[in-house]
Amino acid sequence: MDERRVFTLSQVSTAIKQRIEEATGGQAYWIRAEIAGLKVKNHAYLELVEHKGGQKVAVMRAHIWNSAYQRIRSELGAEADNILKDGVEVLLLGRVDFHLVHGLSINIEALDLAFNIGEMERRKLATIRALKEDGLYNRNRFAPMPMVLQRIALVASVGSAAYADFMQHLQHNERGYRFHVRVFGSAVQGDGAAAELRAAVGAIDPRLFDALVLVRGGGSKLDLEPFNDLELARLVAAFPKPVLTGIGHDVDTSVLDLIAKEPHKTPTAVADFLVDKASGFEIALTSMLDKVHGLVLEDFSMRRETLSAYAEMVRTRPVNHCQLQRGRLHTATGQLAHRVQAKLHTEGQVLENHRARLTTDPLRWLQQVKRAGLEELSIKLGLVANKQLQLVALQLKGLRETVNLLGPQATLARGFSITRAQGQAITDAGNLRPGERITTTLAKGTVHSTVESIEQHG
Amino acid sequence: MAEKPLTYDKAYAELEQIMTDLQADKIGVDELTVKVKRAVELITFCSQMLRSTEDEVGKLVKKLGLA
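Read top to bottom, the protein sequences are chains B and D. The opening position of the first sequence corresponds to residue 2 in our numbering, with each subsequent residue numbered one higher. The opening position of the second sequence corresponds to residue 1261 in our numbering, with each subsequent residue numbered one higher.
Source of the hints: derived by calculation from the structure; they are not laboratory data. Please read all numbers here as calculations on a predicted model, not as lab measurements. Ideal Cβ placement from N, Cα and C applies to all residues, glycine included. Hints should not be assumed to be uniformly reliable.
[To be verified] Under the rule of at most 30 Å between Cα atoms (straight-line distance), these lysine-lysine pairs were calculated in the DSSO-like manner: (1) B:K292 with D:K1323; (2) B:K278 with D:K1319; (3) B:K222 with B:K262; (4) D:K1323 with B:K278; (5) B:K42 with B:K86; (6) D:K1322 with B:K278; (7) D:K1286 with B:K292; (8) B:K53 with B:K40; (9) B:K53 with B:K222; (10) B:K292 with D:K1297; (11) D:K1270 with D:K1319; (12) B:K292 with D:K1322; (13) B:K86 with B:K266; (14) B:K57 with B:K262.
[As the list claims (entries may be wrong)] Derived list of chain D stretches under chain B, where covered just means 3 residues or more per stretch with a C-beta under 8 Å from a C-beta of chain B: (15) 1279-1286; (16) 1305-1312.
Whole structure, please, built from the sequences with the hints as guidance.
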């Protein structure tokens, strides 16, 4: 007989249970794990899994008692379905529970929502970083924006409120603009949404559209997860036409919003943007037309002014012109009269000359004939006279000699006298001085006297 | 004068020539009446063209529901 100690199962289980309780002290731990195989009946049953390098490295059963489950759901609020599902990594507060019948299980008492949101943010940041590394992050922002976006590729969940709002606003706009919308249907949240969105965007031929619009109604934070999908973001960023988002959330921004050319908060806002853009284009056209019209009117009024100035000139110029011509005519007439008179005068003189010559020439002829006769006579006369003159000259010469013979004595005898001073004959009283002694020669005798005073003549 | 259909530009060019000649007193008395008559014709034509074109533009602008 072996001295074997045999334990009952319950003894073992109890021992294990005791050991665990000793080790944990009934304490709860924060555990990070992935949810799998979640089943909710009255209570929630699931598996917690840890993956490492694609391999399961740890698996453990877990449960959430109904009361805790309801509390957790209400704490998670809108995010409950996003977190309480398979594949989601959570941070849970749990106690290691060993049940004699059900074995080892983690009793989940609470979930940390902040962890999931933090994780989502972390993944979002990783996506952004990857896009930046690919040079895709700003790609769509540089997509050229046409003046009007009319052919729209719409990615939305057909039949959703977001889809209806967008279509309603766009197709029934006040100004009656027509838009051509082609819908590429896709789930926008939940499992598989990212894959559907990728397929929808991938199916769009950018050449056929002016813009890509992605819309979604409101949702929880974690509902945005598909819009942070890296592969979807790559497709959207590389889309060669402007991307417009209306993903419907107030606080958070998805990666698609960050990379889209025109991010808007709601589908309605995207529709309004499209309508406003068309309207802006129309206003620009209108003002251009107004400008053209204004320029035409301005041009016309200038032309009209010129025409009326011309009309005025046509009215006055010819009259002036005629007056001028009349003036010239008048002047010409005057000149004509003057010239005719002058001409007549000249001609008259010529005639007069002729007449004069006609009357004088015969006389002159006669005179010339006479003069010739006279000249002959005078020559003869000259000869006679000359002889006569020579005779007279001879007679005169004789007379002069006689006179000379008479000398001053004869003159003196006729009562003239000669006055001398210092032997010189005085002819000018100015040559004498009072008190000077002078001698006066008479015809008979000489007188000596002294000058008393002088009186000059001439 | 076998006329080609008169256009505003042609009419205006001709008008300007007449006006230039008129201002320079280049036109002889013989021609004066002819030229003045022509000038009046051209002015009338141009004014009518302007008027009708302006109306036309106005209508077009109105047609677009503007102005």
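Problem - Violations among the numbered hints - result: 7, 10 and 14
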